[in-house]
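*Asks:* Turn these sequences into a full structure, and let the hints guide you.
These protein sequences, in sequence, are chains A and B.
Each residue of the first sequence is one higher than the one before, starting from 1 at the first, in the working numbering.
Each residue of the second sequence is one higher than the one before, starting from 1 at the first, in the working numbering.
Note that these hints are calculated values from the structure, not bench results.
Wrong hints could be hidden among the right ones.
[Unchecked claim] Pairs of lysine-lysine, BS3-like flavour, derived with a Cα cap of 27 Å: (1) B/K19 x A/K57; (2) A/K57 x A/K45; (3) A/K43 x A/K57; (4) A/K45 x B/K19.
[Stated by the list, open to error] Stretch by stretch, here's where chain A covers chain B in the computed footprint (C-beta under 8 Å, at least three residues): (5) 7-21; (6) 51-60; (7) 289-295.
This structure is a prediction, so every number in the text was calculated from the model and none was measured.
Even for Gly, the Cβ is constructed at its ideal location relative to N, Cα and C.
Listed here are the chains, written in short residue letters.
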Amino acid sequence: MKEDFTSALPLSPAALHILLSLASEDLHGYAIMQEVASQSEGKYKLGPGTLYDNLQKLIRREWVEELGRRPADDDPRRRYYRLTSTGRGVLAAETARLAEVVREARVRLRIAKHRRA
Amino acid sequence: MLRSFYRCALHLHPPAFRKRFGDEMLSIFDQPHGTASALRLLLDALFSLSRQWTLRPEFWHDLSPAASPQPASDGIPSFYTISPFRPRGAAVVNGLVLSLAVFCMTCFAIRYSWIHVLHVRIPEVQFDRPSWIPPKSTTSGASPALQKTPIPPPPETRTPTATPTLSQVPPPAAAAPQSRAARAAKRTDTARPQYKPQVSDQQARTASAELPLQSYEGTYVVDSPANLRIAITLEDENLMMSMSGQATLTLAPVSETKFVVQGIENCWIEFVPGSGTMGQESAPQLQLSCNGQRYSARRQP
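*Replies:* The structure is reproduced here in structure tokens:
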């Protein structure tokens, strides 16, 4: 049965970017910050405080989990995080919601443009 | 310098957050940055600090351990706390207040114990001494110290054979016990005489002024041994006792009918008023108790 994630939506920008950065691969905190900056082309930067505050909430909701393994040559202070299936479903639902918002926005902007013309 | 500030800011975070993410945040700070970036990270840590303490109370005590127990590289096994329970600060304060209240109530109960509440009467301790008749030297002209504290007498007035086997009387002439006795005398109900083996000079005068001392005057004849007479006289508001061939001794009142014979250890006199039944009146009696021996004497008409 398909789970309903609409009650968890909408996501905050930070949570959305974190889930989005973890969608393709497992990352540690600093890598998540870098990935978020890369996704937004440097327009949205997460600080460590905001990152770990959101990670704390996402782990509590079980949308993100912490991995027990890391590369042998990596900094032992780093921890890696992975998107869970629930988190992936929430991300998909949020993406669909945003797509609907974008589609609706485009329709309305097109109508307004025709009226002005 | 900035790293120290950053570590300090991390240390001020809630314990759960600090344990879980503190090292990782510090590792991010240790990445090569410029001074401006370091300042921005420090500012971010300060914002995070205020956010965690004001907006995230649900995470203050979340001490769930990290999901990645580190393998022991040196072969020494690692141990983790099974129950990381820590009481809330308010619970600690409540416990402290309750403990203090119970402690104060216990101290109060000890201070006002049975002797103040129940008025339990302490039984008289008897002494075992073969002879009670005083020597000629112990007269009514005893020293003031002797009159103040008749039991036990000062060492210079003790007879060589006077060695009681048991004593319940505290040491004489201490300032604190006297004030305590005065406070106890104020609390004493006059309708129910208290049993006080030790009285001060002032208390004795006050008690003797209120008692019908004249009614105790007279000559009493002891039943056994025969021909022993005890003369009770009233001199200068004090009852005096003299026996045949012996010196005159002062009687210090303890209660309405009971008197201590000053100058003799553990010697008491109790007057028993005469009773009248069917028109026949019996004479007042005198009970003399000295060192465990009791004598009864009847007043001569």
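*Asks:* Each hint: holds or not?
*Replies:* Here is what the structure says about each hint:
no.: 1; hint: B/K19 x A/K57; in the structure: holds, 16 Å
no.: 2; hint: A/K57 x A/K45; in the structure: holds, 19 Å
no.: 3; hint: A/K43 x A/K57; in the structure: holds, 24 Å
no.: 4; hint: A/K45 x B/K19; in the structure: holds, 24 Å
no.: 5; hint: 7-21; in the structure: holds (count 3)
no.: 6; hint: 51-60; in the structure: holds (count 4)
no.: 7; hint: 289-295; in the structure: violated (count 0)
Checked against the numbered hints listed earlier, the structure breaks hint 7 alone; every other hint is satisfied.
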